[in-house]
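S.K.: Let chain C serve as the given structure and place chain X on it in line with the hints.
Here the protein sequences line up with chains C and X, keeping their order. Heads up: the first sequence begins at 11 in our numbering, then just goes up one per residue. Heads up: the second sequence begins at 4 in our numbering, then just goes up one per residue.
Certain hints may be false.
What the hints assert, rightly or not - Some chain X residues judged to face chain C by a derived CB distance under 10 Å, without partners named:
id	residue
1	Trp103
2	Lys114
3	Ala117
4	Val249
5	Pro250
6	Val253
7	Pro322
8	Leu329
9	Leu339
10	Ser350
11	Glu352
12	Phe363
13	Ile371
14	Ala385
15	Lys392
16	Leu445
Said to hold, decoys possible - Restricting the straight-line Cα-Cα distance to at most 20 Å, the calculated cross-link-like pairs of lysine to any residue (SDA-like) are:
id	chain 1	residue 1	chain 2	residue 2
17	X	Lys116	C	Leu25
18	X	Lys331	C	Leu25
19	X	Lys422	X	Leu457
20	X	Lys9	X	Ala502
21	X	Lys331	C	Pro80
22	X	Lys273	X	Glu301
23	X	Lys116	X	Gly90
24	X	Lys331	C	Asp24
25	X	Lys426	C	Gln41
26	X	Lys331	C	Ser100
27	X	Lys331	C	Met90
28	X	Lys331	C	Glu93
29	X	Lys98	C	Asp29
30	X	Lys426	C	Leu25
31	X	Lys98	C	Glu34
32	X	Lys98	C	Ala26
33	X	Lys331	C	Leu88
34	X	Lys98	C	Pro92
For the record, the hints were derived by calculation from the structure and aren't laboratory data. Every value quoted in this text rests on a predicted model; they were computed, and no experiment measured them. In this text, a Cβ means the ideal position worked out from N, Cα and C, and glycines have one as well.
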Amino acid sequence: MPEITRDEVAHLADLARIDLDAAELDHLAPQLSVILESVASISEVASDDVPPTSHPLPLTNVFREDVAQPCLTAEQALAMAPEVDQQRFSVPRILGDEQ
Amino acid sequence: MSDLIKQTAAQMAAALADGTTTSVELTQAHLDRIAAVDGAIHAYLHVDGEGALAQAAASDARRSAGTPAGDLDGIPIAVKDVLATQGLPTTCGSKILEGWIPPYDATVVAKLKAAGLPILGKTNMDEFAMGSSTEHSAYGPTHNPWDLDRIPGGSGGGSAAAVAAFEAPFALGTDTGGSIRQPGAVTGTVGVKPTYGGVSRYGLVALANSLDQVGPVTRTVLDSALLHELIGGHDPRDSTSVDAPVPGLVAAATQGADGDLSGLKVGVIKELGGEGYQAGVQQRFQESVDHLVAMGAEVVEVSCPSFVHALAAYYLILPAEASSNLAKFDAMRYGLRVFPEGVDSPSAEEVMRASRDAGFGDEVKRRIILGTYALSSGYYDAYYGQAQKVRTLISRDFEAAFGQADVLLSPTAPTTAFKLGEKLDDPIAMYLNDLATIPANLAGVPGISLPSGLADEDGLPAGVQMLAPALADDRLYRVGAALEVALTEKWGGPLLDRAPDLTGASA
Numbered sequence: 011m012p013e014i015t016r017d018e019v020a021h022l023a024d025l026a027r028i029d030l031d032a033a034e035l036d037h038l039a040p041q042l043s044v045i046l047e048s049v050a051s052i053s054e055v056a057s058d059d060v061p062p063t064s065h066p067l068p069l070t071n072v073f074r075e076d077v078a079q080p081c082l083t084a085e086q087a088l089a090m091a092p093e094v095d096q097q098r099f100s101v102p103r104i105l106g107d108e109q
Numbered sequence: 004m005s006d007l008i009k010q011t012a013a014q015m016a017a018a019l020a021d022g023t024t025t026s027v028e029l030t031q032a033h034l035d036r037i038a039a040v041d042g043a044i045h046a047y048l049h050v051d052g053e054g055a056l057a058q059a060a061a062s063d064a065r066r067s068a069g070t071p072a073g074d075l076d077g078i079p080i081a082v083k084d085v086l087a088t089q090g091l092p093t094t095c096g097s098k099i100l101e102g103w104i105p106p107y108d109a110t111v112v113a114k115l116k117a118a119g120l121p122i123l124g125k126t127n128m129d130e131f132a133m134g135s136s137t138e139h140s141a142y143g144p145t146h147n148p149w150d151l152d153r154i155p156g157g158s159g160g161g162s163a164a165a166v167a168a169f170e171a172p173f174a175l176g177t178d179t180g181g182s183i184r185q186p187g188a189v190t191g192t193v194g195v196k197p198t199y200g201g202v203s204r205y206g207l208v209a210l211a212n213s214l215d216q217v218g219p220v221t222r223t224v225l226d227s228a229l230l231h232e233l234i235g236g237h238d239p240r241d242s243t244s245v246d247a248p249v250p251g252l253v254a255a256a257t258q259g260a261d262g263d264l265s266g267l268k269v270g271v272i273k274e275l276g277g278e279g280y281q282a283g284v285q286q287r288f289q290e291s292v293d294h295l296v297a298m299g300a301e302v303v304e305v306s307c308p309s310f311v312h313a314l315a316a317y318y319l320i321l322p323a324e325a326s327s328n329l330a331k332f333d334a335m336r337y338g339l340r341v342f343p344e345g346v347d348s349p350s351a352e353e354v355m356r357a358s359r360d361a362g363f364g365d366e367v368k369r370r371i372i373l374g375t376y377a378l379s380s381g382y383y384d385a386y387y388g389q390a391q392k393v394r395t396l397i398s399r400d401f402e403a404a405f406g407q408a409d410v411l412l413s414p415t416a417p418t419t420a421f422k423l424g425e426k427l428d429d430p431i432a433m434y435l436n437d438l439a440t441i442p443a444n445l446a447g448v449p450g451i452s453l454p455s456g457l458a459d460e461d462g463l464p465a466g467v468q469m470l471a472p473a474l475a476d477d478r479l480y481r482v483g484a485a486l487e488v489a490l491t492e493k494w495g496g497p498l499l500d501r502a503p504d505l506t507g508a509s510a
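Bound conformation, chain C alone (with noise of 0.2 Å):
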């Protein structure tokens, strides 16, 4: 069981696209650490012949007919965004300088 270093929770937050500073890592970084720990006995709890489950309910491919069905409008979906232009989404620059 690798135990989650300061640096790996780092990581980890860039990866979740969450700025954490200085001061979250040194709380989060240890609680993690336990939580972990406190899962980490699952590893040798079942054999190789148990499948998975990911879901209760056995359902695969479940579909509608294709009907056209009544949608949000471009002035709801726009309501709620923090920045809209030309009846857009606006957002930040995507790309840098360099790129």
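M.R.: Using the frame of chain C, we list chain X on its own:
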């Protein structure tokens, strides 16, 4: 306190039908109660007095015209803030959704509106339903009506406290690992987690899709049956919705109230009891079992050996699903947008990072990071893959147990309500509250919690949980109603009669 609001929803339905009261009177009485006690309880994040009264007036007009939309037309209700309500704020207890007003209704909310139930407001919850105490709400905790210094359970502590404090006749909750049942247990109320897929999840802001279920939060078993029948059934907008009719739940509750359980086999789950369970909780649980025996049920002990791994499996599966679900909060289309400090012309990604840091609380961050870890290559098989296998083992345990018994029994939560703040920064201690409720979510089976009495050592409510096979939700109502009748008779009235009056309570 007005006697009107102390009635059960079923009694209110009768009073509306025979003209003894009106929906406006009923709704106003609840709004008055909210104004009087919610400063101390903080069950609501948003109260919609004006909207509720307008819906109530429309309901009264339907009644006068002889065309009520149904038996529950005009009975006000509270809705957990994780369900989308068109025109009413829906925050999920999170800063990242502060002020968000959904452009659509969750299917269950649309059903409430179509049936004429005025919506009183939105109830408090742990942020994105992550927690067992409502303390992880970004808007401050809800207080337990039995003792304002204690937690009302979670994540749906707001719904449970609102119902326990007579601030609503009933409410909608959601249950991912016990968020309806555990608050029910610690507030002396009734809560049901239906069979997975039995109630639509469309418009429920997902925590963990494979575990979440919407269900009723009420003061009686019959009221839960009434509400469950209203919200249940197939929804083409939820691909995991079960395409089968809802079994007769009100009929089952009515039958159960006769108090005859002869021929019924009840299994007491060996692994959910004993060490770690408070003495008073165990005592009340044993009494409930004795009552069932007195009514003719046969009791057997069943063993579900994999249940001891349920908590670990849950705290891998849930964060994994949650970390994916919450990725949609990217500050682009809705929700909080925060710009990082000291960065000129920040990129969308930098804005996303800053927004998620500012918008999410500690518990949400913990679980997102844990889920990201569990899904990382190199750890996936050891954690998430194994957790999914344990899920299979737990379902097999249920299958074997239901081969020996019609319903399974355990205490709902290991303890009564603990003090606010006591476990806030100790995630493991907090997680242990859901020990007994989690297996049902992993296997998708239905469960009910109802009050078993007050624990001797602290005088606080304890709960008894019943579990049934998938799609056999009606069994919970039959056995639950039978036990409720026996216990209410023993107590000489509903347990909530013993709760503090709250008049004059202050925050």
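S.K.: Can you list which hints this structure breaks, lowest number first?
M.R.: 2, 3, 4, 5, 6, 17, 21 and 30
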